[in-house]
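Protein chains: 2
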Amino acid sequence: MVKRKKKVWVGFDLGGTKMMATVYDGGFKPLGSAKAKTPVNEGPKAVQARIRETIAAALKEAKVPARGVAGIGVGCPGVLDLDKGLILEAPNLAWKRVPLRALLAGWFHCRVLLANDVDAGTYGEWRFGAGRGARTLVGVFPGTGIGGGCVYEGKLLRGKTGSAMEIGHLPIREHGRLCGCGRRGCLEALAGRLAISAEVAQAAFRGEAPFLAANGGSDLKKLKSGLLAKAIKAGDAAVERIIRDAMRLMGRAIGGVVNLLAPDVVVLGGGLVEAMPRLALEEVRIGLKETAMDSFSKQVKVVEAELGDDATTLGAAALAAEGAGRN
Amino acid sequence: MVKRKKKVWVGFDLGGTKMMATVYDGGFKPLGSAKAKTPVNEGPKAVQARIRETIAAALKEAKVPARGVAGIGVGCPGVLDLDKGLILEAPNLAWKRVPLRALLAGWFHCRVLLANDVDAGTYGEWRFGAGRGARTLVGVFPGTGIGGGCVYEGKLLRGKTGSAMEIGHLPIREHGRLCGCGRRGCLEALAGRLAISAEVAQAAFRGEAPFLAANGGSDLKKLKSGLLAKAIKAGDAAVERIIRDAMRLMGRAIGGVVNLLAPDVVVLGGGLVEAMPRLALEEVRIGLKETAMDSFSKQVKVVEAELGDDATTLGAAALAAEGAGRN
Numbered sequence: 006m007v008k009r010k011k012k013v014w015v016g017f018d019l020g021g022t023k024m025m026a027t028v029y030d031g032g033f034k035p036l037g038s039a040k041a042k043t044p045v046n047e048g049p050k051a052v053q054a055r056i057r058e059t060i061a062a063a064l065k066e067a068k069v070p071a072r073g074v075a076g077i078g079v080g081c082p083g084v085l086d087l088d089k090g091l092i093l094e095a096p097n098l099a100w101k102r103v104p105l106r107a108l109l110a111g112w113f114h115c116r117v118l119l120a121n122d123v124d125a126g127t128y129g130e131w132r133f134g135a136g137r138g139a140r141t142l143v144g145v146f147p148g149t150g151i152g153g154g155c156v157y158e159g160k161l162l163r164g165k166t167g168s169a170m171e172i173g174h175l176p177i178r179e180h181g182r183l184c185g186c187g188r189r190g191c192l193e194a195l196a197g198r199l200a201i202s203a204e205v206a207q208a209a210f211r212g213e214a215p216f217l218a219a220n221g222g223s224d225l226k227k228l229k230s231g232l233l234a235k236a237i238k239a240g241d242a243a244v245e246r247i248i249r250d251a252m253r254l255m256g257r258a259i260g261g262v263v264n265l266l267a268p269d270v271v272v273l274g275g276g277l278v279e280a281m282p283r284l285a286l287e288e289v290r291i292g293l294k295e296t297a298m299d300s301f302s303k304q305v306k307v308v309e310a311e312l313g314d315d316a317t318t319l320g321a322a323a324l325a326a327e328g329a330g331r332n
Numbered sequence: 006m007v008k009r010k011k012k013v014w015v016g017f018d019l020g021g022t023k024m025m026a027t028v029y030d031g032g033f034k035p036l037g038s039a040k041a042k043t044p045v046n047e048g049p050k051a052v053q054a055r056i057r058e059t060i061a062a063a064l065k066e067a068k069v070p071a072r073g074v075a076g077i078g079v080g081c082p083g084v085l086d087l088d089k090g091l092i093l094e095a096p097n098l099a100w101k102r103v104p105l106r107a108l109l110a111g112w113f114h115c116r117v118l119l120a121n122d123v124d125a126g127t128y129g130e131w132r133f134g135a136g137r138g139a140r141t142l143v144g145v146f147p148g149t150g151i152g153g154g155c156v157y158e159g160k161l162l163r164g165k166t167g168s169a170m171e172i173g174h175l176p177i178r179e180h181g182r183l184c185g186c187g188r189r190g191c192l193e194a195l196a197g198r199l200a201i202s203a204e205v206a207q208a209a210f211r212g213e214a215p216f217l218a219a220n221g222g223s224d225l226k227k228l229k230s231g232l233l234a235k236a237i238k239a240g241d242a243a244v245e246r247i248i249r250d251a252m253r254l255m256g257r258a259i260g261g262v263v264n265l266l267a268p269d270v271v272v273l274g275g276g277l278v279e280a281m282p283r284l285a286l287e288e289v290r291i292g293l294k295e296t297a298m299d300s301f302s303k304q305v306k307v308v309e310a311e312l313g314d315d316a317t318t319l320g321a322a323a324l325a326a327e328g329a330g331r332n
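These protein sequences, in sequence, are chains A and B.
Each position in the first sequence, counted from 1, maps to that position plus 5 in the numbering used here.
Each position in the second sequence, counted from 1, maps to that position plus 5 in the numbering used here.
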């Protein structure tokens, strides 16, 4: 048992397929952790019960009683009301207007802070990872879509009620490909992992990516980052070219963000970058130089994220502890 | 004579063709003002001498002795080192590494703050104009190029050493028109006043803009905002279409900025907007809705700047007084 009460912080990463809770001591050393699948198909109540159980399991592993929790920070998907602590809409969870902050506060009797999941991850990298000490840190996390966050002078950039930095929805190409948001030509519709998968699937279908055709075929669900990295290693040149082009385009978009925010560090993370960091960083740096003005591009370092899956739980726990998200 | 000492603030707008100094009391009421041409052709020393004279003339008009000046804020063009108070490079002034803060402090023995001119104007609109009370204010000022600024929670967004928010250099079109920055497809190369003038000049040359052909012809120097507005009123449909398309494209780019910064207010100002505010706002609003996500576009108001030329001097004076630029 931890002796000093109210000294642990829980970071929670709430995803559409899985969730993770980690318990940290006052110095953000992990004491215990638990993971679970997100039972979206069983409805909102089942997901909420699973959240409670997963936090309880992490506390048990950490040997900390519930009353020892000083606060819980949650990295959430979807559209949030940060001030009211609501998840307004999360399509991945099939949730609408869920008062998650109040629910957690009721269960665990502690301070609870909600943050956008990518914001929490960016804050984690700023506080403990590849972005430590940056004055302006831009985080870009290409997953299925492309998420972004920004820590400016120690605080997350946010809007009046919700999150900001929707870098995946920067308009890149007029009349471009249809995006999940209903618009055309957004960055993530051109360079996100789903967009990449759709392109490599065509290459596989046409016989231009033999490794991929033999190992994943043309089903987008199977064409995940790890498999794409294997296909490149196995010599599927079309896959490499498609991904290089996408990363370069993402770099061009990030160059535009650099022209606006003049960051000193850009952190790249997420599944695709983790699977092929060298290739991704190489192309992003080239693309960024194509569009960022010299006085900005000279000042910015593009680096790989360091914390992997822990960025979100660490960032969320630190936000809860430090109130840097101020909600 | 003002009785309480050290109670006036001077705002200075340093442009490549003209300069303006205004003296404000502690409540930012103007007490006196002076304007002068910027003698760029006579060299840096002549420009510096003219700056000193113009501030002295404004103080004289305000009936305030030099020792009554608490501080001077200067809105500057070019690339600045905000912390060191240097103009690193200002092509419009033919200046390189001029320690303007030290010069002014030496002449007037007071606190001096340098800011980017568009930043100062944006701060002026946030403090006294159309953006009062905004949590996040984005200012966009299409002049010859397209300048931008952002006040976030009461402070100007800036980079580590210099200004940020180079919205004119957002990459809009791969392989697009050549920009003054040396890149292709930047917003200002497609939608700035110079780009617009080049397009309407072609229309005039081809006989598609009879009023313009008769009144300005095809010389870009003559095709300024006021004349363009007159051409539209006189029925030059090609001019109207070119400007509407440019403003809509600018709106699309601003929509991207909205997806990043989630502002509650976007202020549009500058010569082109002042000459045809209704048209500009109409098209920017349409373009913005095309690219901004619904949750952001619902929250943002697009409004016309209120302060005209006074935005920069007012903003610069207030920055000097309030230290909100923290340099």
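Don't read these hints as lab results, they were simulated from the structure.
Please note that a few of the clues may not be correct.
The list treats identical chains as one, so a pair stands whether inside a single copy or across any two.
EDC-like mimics (lysine to aspartate or glutamate), calculated; alpha carbons at most 20 Å apart, straight line [claimed, not checked]:
| # | residue 1 | residue 2 |
| --- | --- | --- |
| 1 | 34 | 299 |
| 2 | 238 | 158 |
| 3 | 12 | 94 |
| 4 | 238 | 66 |
| 5 | 160 | 269 |
| 6 | 229 | 279 |
| 7 | 42 | 86 |
- Item | Structure versus earlier hints, numbers of those that do not hold, lowest first | Of the numbered hints, 1, 2, 3, 4, 7 do not hold.
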